[in-house]
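Q: Now for the letters of each chain:
Number of protein chains: 2
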Amino acid sequence: VCISKKPLPAKDRILEAAIELMKKTGLTGAGINQILALSRAPKGSLYYYFPGGKDQIIAEALALYSQRVATAFDQVLSREQTPAEKIRILFRFVADRFESGSCQQSCAAGAVTLDLDEAPALQKAAAMAFASWKETVARHLRQSRIANAEALAGVVLSTIEGAYVRGRAEASKQAFLEAGETLATLIQKKSRRSG
Amino acid sequence: VCISKKPLPAKDRILEAAIELMKKTGLTGAGINQILALSRAPKGSLYYYFPGGKDQIIAEALALYSQRVATAFDQVLSREQTPAEKIRILFRFVADRFESGSCQQSCAAGAVTLDLDEAPALQKAAAMAFASWKETVARHLRQSRIANAEALAGVVLSTIEGAYVRGRAEASKQAFLEAGETLATLIQKKSRRSG
Numbered sequence: 782v783c784i785s786k787k788p789l790p791a792k793d794r795i796l797e798a799a800i801e802l803m804k805k806t807g808l809t810g811a812g813i814n815q816i817l818a819l820s821r822a823p824k825g826s827l828y829y830y831f832p833g834g835k836d837q838i839i840a841e842a843l844a845l846y847s848q849r850v851a852t853a854f855d856q857v858l859s860r861e862q863t864p865a866e867k868i869r870i871l872f873r874f875v876a877d878r879f880e881s882g883s884c885q886q887s888c889a890a891g892a893v894t895l896d897l898d899e900a901p902a903l904q905k906a907a908a909m910a911f912a913s914w915k916e917t918v919a920r921h922l923r924q925s926r927i928a929n930a931e932a933l934a935g936v937v938l939s940t941i942e943g944a945y946v947r948g949r950a951e952a953s954k955q956a957f958l959e960a961g962e963t964l965a966t967l968i969q970k971k972s973r974r975s976g
Numbered sequence: 782v783c784i785s786k787k788p789l790p791a792k793d794r795i796l797e798a799a800i801e802l803m804k805k806t807g808l809t810g811a812g813i814n815q816i817l818a819l820s821r822a823p824k825g826s827l828y829y830y831f832p833g834g835k836d837q838i839i840a841e842a843l844a845l846y847s848q849r850v851a852t853a854f855d856q857v858l859s860r861e862q863t864p865a866e867k868i869r870i871l872f873r874f875v876a877d878r879f880e881s882g883s884c885q886q887s888c889a890a891g892a893v894t895l896d897l898d899e900a901p902a903l904q905k906a907a908a909m910a911f912a913s914w915k916e917t918v919a920r921h922l923r924q925s926r927i928a929n930a931e932a933l934a935g936v937v938l939s940t941i942e943g944a945y946v947r948g949r950a951e952a953s954k955q956a957f958l959e960a961g962e963t964l965a966t967l968i969q970k971k972s973r974r975s976g
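The listed protein sequences derive, respectively, from chains A and B.
According to my numbering, the residues represented by the first sequence are 782 to 976, in order.
According to my numbering, the residues represented by the second sequence are 782 to 976, in order.
Calculated directly from the structure, the hints in this document are not laboratory data.
Be aware that a few hints might be false.
One copy or any two copies: either way a pair holds, since identical chains are not told apart in the list.
In silico BS3-like links for lysine-lysine, alpha-carbon gap of 27 Å or less [as the list claims (entries may be wrong)]:
no., residue 1, residue 2
1, K792, K805
2, K787, K905
3, K835, K954
4, K792, K835
5, K954, K792
6, K954, K824
7, K824, K805
8, K954, K787
9, K905, K792
10, K792, K824
11, K905, K805
12, K835, K824
13, K905, K835
14, K805, K787
15, K787, K824
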């Protein structure tokens with residue numbers, strides 16, 4: 782069955798192009814010309830939808846990406862009940878996404894953090910994305926009544942961001958899988974001991 | 782007492798400048814012109830010491846940085862005996878280094894991973910740095926007879942790399958401290974239970 786897929790409107794194509802470019806090389810690779818080339822949007826429509834230019838595109842793209850990742854994390858975490866299983870499935874999910882991008886696409890929010898001098902407003906946007914994802918993980922851990930859910934959620938988030946960094950150098954999703962298994966095992970033992 | 786400090790020779794100044802620039806913005810910020818400006822080395826000496834240009838400078842700078850970090854990790858980890866205390870002191874050490882760079886300097890090896898398309902040889906250099914640091918941590922954990930030392934060392938390394946990413950957005954060393962305390966607590970409970 783072949784379902785014809787409508788092309789996205791120019792505004793959405795611009796935001797999707799910005800997200801894709803940020804994942805590859807951060808802010809430096811997401812210039813107006815690269816966004817125009819990848820989105821195939823007319824230059825006129827770019828400035829019509831984003832009168833603030835690159836800064837506005839990047840800010841809106843990061844907000845969209847942040848929301849999308851939070852929703853995906855929430856859905857994945859909802860599939861399991863115990864804290865250990867929740868953490869294991871989350872890392873597997875991110876590992877598979879990373880692999881589907883040929884192990885060469887980072888987290889868009891993480892990737893822009895090297896270029897915050899250029900655009901200080903993005904510092905807040907990236908920090909807000911991290912806070913939102915941490916809270917999503919923490920909420921699930923709290924529901925399963927684990928001690929110290931906030932700090933543990935922070936470790937999970939840092940480990941995911943670091944696995945992107947290692948994964949690109951190692952051209953492998955191994956860092957994600959290793960982290961998921963190891964953290965899940967540590968938490969499991971801890972829970973059993975407390976329980 | 783005022784001890785006069787000899788200026789470094791040009792070759793060393795070039796490598797130190799390359800490391801400092803990579804920590805700030807990765808490969809894109811470490812161009813020949815920026816390296817010359819920061820090192821105050823004459824252009825002639827740059828091409829005399831590094832006939833391979835930017836690629837050679839970056840490769841040698843990463844090797845130097847990798848060795849230096851491995852040595853520092855080894856020294857810090859040697860100060861404590863138990864796995865939990867080793868992990869706690871390692872994260873505190875990296876947190877303080879991060880803070881002394883105004884929370885705006887990343888790991889040089891981590892920072893270049895966004896730009897590996899440009900210079901594939903660097904992928905291997907970054908991966909070798911990560912492998913060397915992971916092995917340094919793993920050796921200390923094995924000595925204290927913890928189960929699964931390799932995987933745990935991998936998680937420690939990923940979490941450090943991710944804490945740099947979060948730390949720059951959050952302008953804070955909190956992600957490092959949170960990770961050190963949380964991982965140390967998890968390991969401690971696990972060890973006590975096994976012991």
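Q: For each hint, tell me whether it holds in the structure or not.
A: Against the structure, the hints:
Proximity of K792 to K805 under the C-alpha cut-off of 27 Å is restricted to the intra-copy arrangement: shortest distance 21 Å within a copy versus 32 Å between copies. For the homomeric pair K787 and K905, neither the shortest alpha-carbon distance inside one copy (34 Å) nor that between copies (41 Å) is at most 27 Å. Proximity of K835 to K954 under the C-alpha cut-off of 27 Å is found in neither arrangement, the shortest distances being 31 Å within a copy and 29 Å between copies. Within a single copy, K792 and K835 get their C-alpha atoms as close as 13 Å, which meets the 27 Å cut-off; across copies the closest is 38 Å, which misses it.
In this homomeric assembly, K954 and K792 never come within 27 Å of each other (Cα to Cα): the closest approach is 32 Å inside a single copy and 37 Å across copies. For a Cα distance limit of 27 Å, the shortest separation of K954 from K824 qualifies neither inside one copy, at 37 Å, nor across copies, at 41 Å. In this assembly of identical chains, the alpha carbons of K824 and K805 lie at most 27 Å apart only when taken from the same copy (22 Å versus 32 Å across copies). In the homo-oligomer, the alpha carbons of K954 and K787 never lie at most 27 Å apart, since the shortest distance is 33 Å inside one protomer and 46 Å across protomers.
Within a single copy, K905 and K792 get their C-alpha atoms as close as 23 Å, which meets the 27 Å cut-off; across copies the closest is 38 Å, which misses it. Proximity of K792 and K824 under a CA criterion of 27 Å is satisfied intra-copy only: 11 Å inside one chain copy versus 46 Å between copies. When the C-alpha separation of K905 and K805 is checked against a cutoff of 27 Å, the pair qualifies both within a copy, at 21 Å, and between copies, at 18 Å. Within a single copy, K835 and K824 get their C-alpha atoms as close as 12 Å, which meets the 27 Å cut-off; across copies the closest is 35 Å, which misses it.
In this homomeric assembly, K905 and K835 come within 27 Å of each other (Cα to Cα) only inside a single copy, at 16 Å, whereas the closest approach across copies is 33 Å. In this homomeric assembly, K805 and K787 come within 27 Å of each other (Cα to Cα) only inside a single copy, at 26 Å, whereas the closest approach across copies is 42 Å. Taking the shortest Cα distances, K787 and K824 sit within 27 Å of each other inside one copy (21 Å), while across copies they are farther apart (55 Å).
The earlier numbered hints that this structure contradicts are 2, 3, 5, 6, 8.
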